[in-house]
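Chains as they are written, first to last, in my numbering: chain A, 1 to 199; chain B, 200 to 398.
Take these hints with a grain of salt, some might be off.
Stated by the list, open to error - On the chain B side, residues computed to face chain A include the following (Cβ under 10 angstroms):
(1) Ser-203
(2) Leu-216
(3) Thr-225
(4) Arg-226
(5) Val-239
(6) Leu-242
(7) Ala-247
(8) Lys-250
(9) Asn-261
(10) Gln-265
(11) Gln-300
(12) Asn-343
(13) Asn-345
(14) Cys-358
(15) Thr-362
(16) Ser-390
Because the hints were derived from the structure by calculation, they are not lab data. Heads up, the beta-carbon is just placed ideally off N, CA and C, and yes, glycines get one too.
There are 2 protein chains.
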Amino acid sequence: MHTSPAIERLVSSLKRLPGIGEKSATRLAFFLLGAPEGLVSELSQAVARIKQDTVLCERCFNLTDQSPCPICRDPRRDPSVVCVVEEPADLVSVEKSGGFQGHYHVLGGALAPIDGVGPDELRIGELEARVREGGVTEVILATNPNAEGDATAHYIAECLRDTEARLTRIAYGMPLGGDLEYADHVTVGRSLANRQELE
Amino acid sequence: MHTSPAIERLVSSLKRLPGIGEKSATRLAFFLLGAPEGLVSELSQAVARIKQDTVLCERCFNLTDQSPCPICRDPRRDPSVVCVVEEPADLVSVEKSGGFQGHYHVLGGALAPIDGVGPDELRIGELEARVREGGVTEVILATNPNAEGDATAHYIAECLRDTEARLTRIAYGMPLGGDLEYADHVTVGRSLANRQELE
């Protein structure tokens with residue numbers, strides 16, 4: 001359809017990214033055609049090097065440029081509180097909230113028996129070893145608030161039940177800026193059940 | 200925020216693309232991290248080569264790998280009908296409609312005096328020369344259906360008034376799958392005014 005194979009090639013590459021269809025890909029390709037050379041070569045190199053410049057942290061399994069990762073190495077952070085998340089992107093979300101100063105443990109997903117993801121496919125054994133090693137006083141289970149995330153949190157809680165660590169789960173409730181009228185009833189129910197005193 | 204400079208770099212590059220914010224950029228970066236090497240290197244190269252592998256067609260100013268472009272070179276296409284569009288992306292849209300077998304002329308934008316885009320910034324002189332050269336029987340003004348596109352179409356029509364070419368403008372009306380209830384009244388009005396006999 002395009003009269004230039006270079007555009008055709010770029011559009012077909014961009015279309016393979018999640019959430020980018022034919023129209024967005026075409027728009028991005030034409031944007032890049034008109035963009036400054038610096039921006040284009042920067043993007044190309046950033047894409048090319050993403051895989052070789054990234055490793056997993058040996059301790060928390062977060063993505064990093066060198067292991068252990070900057071969070072595990074940071075002396076100002078508290079290693080006795082471990083926040084368990086499914087994916088590195090979830091860790092980024094928690095970091096952005098600015099409310100957490102402990103360490104992390106990235107599971108690499110959530111339990112999903114139908115898709116063949118059992119406990120052995122996740123880094124649950126590594127988490128257990130880390131907690132049993134001692135020094136961890138609290139494990140915050142911050143897997144996603146859905147069926148898989150809940151099942152994973154409960155499974156981990158069972159594994160760690162006999163350790164000294166306190167086991168907590170992130171709170172359910174209404175999202176900020178949400179609207180009761182449009183919220184699903186489970187969320188509204190949890191939000192009511194978890195109601196707190198106004199101070 | 201990210202613990203890997205490589206991810207940081209990719210996210211910040213991706214964020215400079217139109218329609219891609221922090222969240223989408225992060226999602227795309229993590230997708231690329233987990234994607235097969237082939238897909239990643241293909242995308243990187245397609246981005247890197249987009250500018251040097253693309254030139255403007257000397258005749259219609261479409262983007263192409265060699266000038267004149269495949270459309271201008273195609274003997275099955277009719278050079279006597281010229282469809283005038285604002286941008287190469289518009290040409291792609293017309294091509295996809297499958298309803299046009301003539302040639303094109305890409306203006307490089309629309310008249311926008313406030314943004315400093317006058318007739319000299321567009322390829323209107325080149326279009327006039329092309330029509331005055333002879334052999335063009337119809338000029339279809341397919342600039343966008345908005346104020347700038349209309350002004351550009353009228354300006355070009357004035358310039359070509361004294362030539363032999365028939366001057367036409369693409370039709371206004373309801374988009375396919377549209378809903379009268381939600382359509383703006385100008386579109387509904389035009390759609391009524393342009394009503395056609397049912398056969």
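Hint check:
1. Ser-203: Since chain A brings a Cβ to about 5 angstroms from B/Ser-203, closer than 10 angstroms, the hint holds.
2. Leu-216: Hint holds; B/Leu-216 Cβ to chain A Cβ min 6 angstroms, cut 10 angstroms.
3. Thr-225: holds (6 angstroms)
4. Arg-226: It holds, given that the least Cβ distance between B/Arg-226 and chain A is near 7 angstroms, below 10 angstroms.
5. Val-239: Holds. Min distance 6 angstroms.
6. Leu-242: For B/Leu-242, the interface hint holds, since the closest Cβ of chain A sits about 4 angstroms away, which is under 10 angstroms.
7. Ala-247: holds (4 angstroms)
8. Lys-250: holds (6 angstroms)
9. Asn-261: holds (6 angstroms)
10. Gln-265: For B/Gln-265, the interface hint holds, since the closest Cβ of chain A sits about 9 angstroms away, which is under 10 angstroms.
11. Gln-300: violated (15 angstroms)
12. Asn-343: violated (15 angstroms)
13. Asn-345: violated (17 angstroms)
14. Cys-358: Hint on B/Cys-358: violated, closest Cβ of chain A at ~26 angstroms, above 10 angstroms.
15. Thr-362: Violated, because the Cβ-Cβ distance from B/Thr-362 to chain A comes to roughly 27 angstroms (cut-off 10 angstroms).
16. Ser-390: violated (24 angstroms)
Figure legend: structure checked against the earlier numbered hints; hints not met, in rising order: 11, 12, 13, 14, 15 and 16.
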